[in-house]
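In numbering that gives the first Met the number 0, the protein residues as written are 0 to 285.
Think of the hints as simulated: they come from the structure by calculation, not from any bench.
Being a predicted model, the structure only gives us computed values, none of them experimental.
Backbone N, C-alpha and C fix where the C-beta goes; we use that ideal spot for every residue, glycine too.
One should not assume that every hint holds.
Here are the computed lysine-lysine pairs in the BS3-like style, where the Cα-Cα straight-line distance is at most 27 Å [unchecked claim]:
{"no.": "1", "residue 1": "236", "residue 2": "16"}
{"no.": "2", "residue 1": "156", "residue 2": "97"}
{"no.": "3", "residue 1": "97", "residue 2": "179"}
{"no.": "4", "residue 1": "179", "residue 2": "16"}
Distance windows between CB atoms, simulated [unchecked claim]:
{"no.": "5", "residue 1": "121", "residue 2": "185", "range": "43 to 51 Å"}
{"no.": "6", "residue 1": "269", "residue 2": "36", "range": "38 to 46 Å"}
{"no.": "7", "residue 1": "271", "residue 2": "152", "range": "13 to 21 Å"}
{"no.": "8", "residue 1": "217", "residue 2": "106", "range": "45 to 53 Å"}
{"no.": "9", "residue 1": "194", "residue 2": "38", "range": "24 to 32 Å"}
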Amino acid sequence: MVAFAKNGEVLVGEVAKRQAVTNVDRTARSVKRYMGDAHWRFPDQGSVDGTRYTAQELSARVLQKLRRDAESYLGEEVADAVITVPAYFDDTQRQATKEAGEIAGLKVLRIVNEPTAAALAYGLDKENDQTVLVFDLGGGTFDVSLLDIGEGVIEVKATNGDTRLGGDDWDQRVVEYLAKRFKGQYGVDLAQDRMAVQRLREAAEKAKIELSSSTETTVNLPYITASSDGPLHLDEKLTRAQFQELTKDLLERCKKPFHQAVKDAGVRLSAIDHVILVGVPRGCRP
0 MVAFAKNGEV LVGEVAKRQA VTNVDRTARS VKRYMGDAHW RFPDQGSVDG
50 TRYTAQELSA RVLQKLRRDA ESYLGEEVAD AVITVPAYFD DTQRQATKEA
100 GEIAGLKVLR IVNEPTAAAL AYGLDKENDQ TVLVFDLGGG TFDVSLLDIG
150 EGVIEVKATN GDTRLGGDDW DQRVVEYLAK RFKGQYGVDL AQDRMAVQRL
200 REAAEKAKIE LSSSTETTVN LPYITASSDG PLHLDEKLTR AQFQELTKDL
250 LERCKKPFHQ AVKDAGVRLS AIDHVILVGV PRGCRP
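Taking the hints into account, I'd like the entire structure generated from these sequences.
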């Protein structure tokens with residue numbers, strides 16, 4: 000997430016998320032979905048202080064923040080970078096990612112597939128003759144890959160995915176559910192209030208995470224809006240079963256890329272030695 004504060008400061012990550020409620024029109028999210036899209040700009044309409052940004056330019060802001068953090072931790076200048084991308088990214092998307100790194104002032108040494116990076120992070124490159132499935136459900140994109148690992152070499156056998164499917168879509172289902180319940184109770188459509196929608200998004204993400212370890216959670220948003228009679232509050236319980244019902248079609252969308260990747264790799268499910276779940280809350284798991 001990238002935000003442009005009114006004072007000209009550029010905010011990235013959690014800091015950007017915390018101010019999103021009061022700065023909706025100047026906060027960009029799920030930018031990765033639009034990498035390589037020559038027509039996409041942020042914001043969709045209007046501008047931010049006279050400027051409309053490409054996905055590369057916004058991604059560069061994230062990379063600049065990561066660079067500063069790395070330099071602070073290491074105590075030395077960072078000039079080179081290896082950047083990861085979904086394995087199914089095409090040449091245009093990979094080139095756009097490289098451009099983002101260059102805009103950030105980095106020398107991009109290599110673009111690496113995310114499932115390969117995941118296997119390295121789990122230390123699986125140190126094991127021999129392994130078949131690994133990486134199921135990666137990020138905030139804005141989803142991909143599944145089959146890897147062969149042997150003698151320290153990681154080979155991507157097959158990959159598939161969906162650039163328009165990610166954790167944000169699970170959050171959106173909760174947002175829609177809460178807005179519908181609120182409208183039924185008070186006759187007020189929160190979907191027409193951008194600040195209210197942003198508060199719902201934050202609450203939805205929190206609820207999703209809580210439902211990974213609990214079977215029930217409560218969404219409580221005081222003063223979400225107001226009517227002629229005064230302030231209105233949202234207070235709703237959400238169970239894991241309800242959440243799974245709301246999002247079951249999204250989970251179904253994960254199955255086609257999964258089966259296609261397995262088919263393309265030419266392996267039996269029983270031959271898979273490890274399954275790595277990346278960014279997948281329990282309520283979203285297949």
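So, going through the hints one by one against the coordinates:
no.: 1; hint: 236 with 16; result: holds (24 Å)
no.: 2; hint: 156 with 97; result: holds (24 Å)
no.: 3; hint: 97 with 179; result: violated (42 Å)
no.: 4; hint: 179 with 16; result: holds (24 Å)
no.: 5; hint: 121 with 185: 43 to 51 Å; result: holds (48 Å)
no.: 6; hint: 269 with 36: 38 to 46 Å; result: holds (39 Å)
no.: 7; hint: 271 with 152: 13 to 21 Å; result: holds (18 Å)
no.: 8; hint: 217 with 106: 45 to 53 Å; result: holds (49 Å)
no.: 9; hint: 194 with 38: 24 to 32 Å; result: holds (28 Å)
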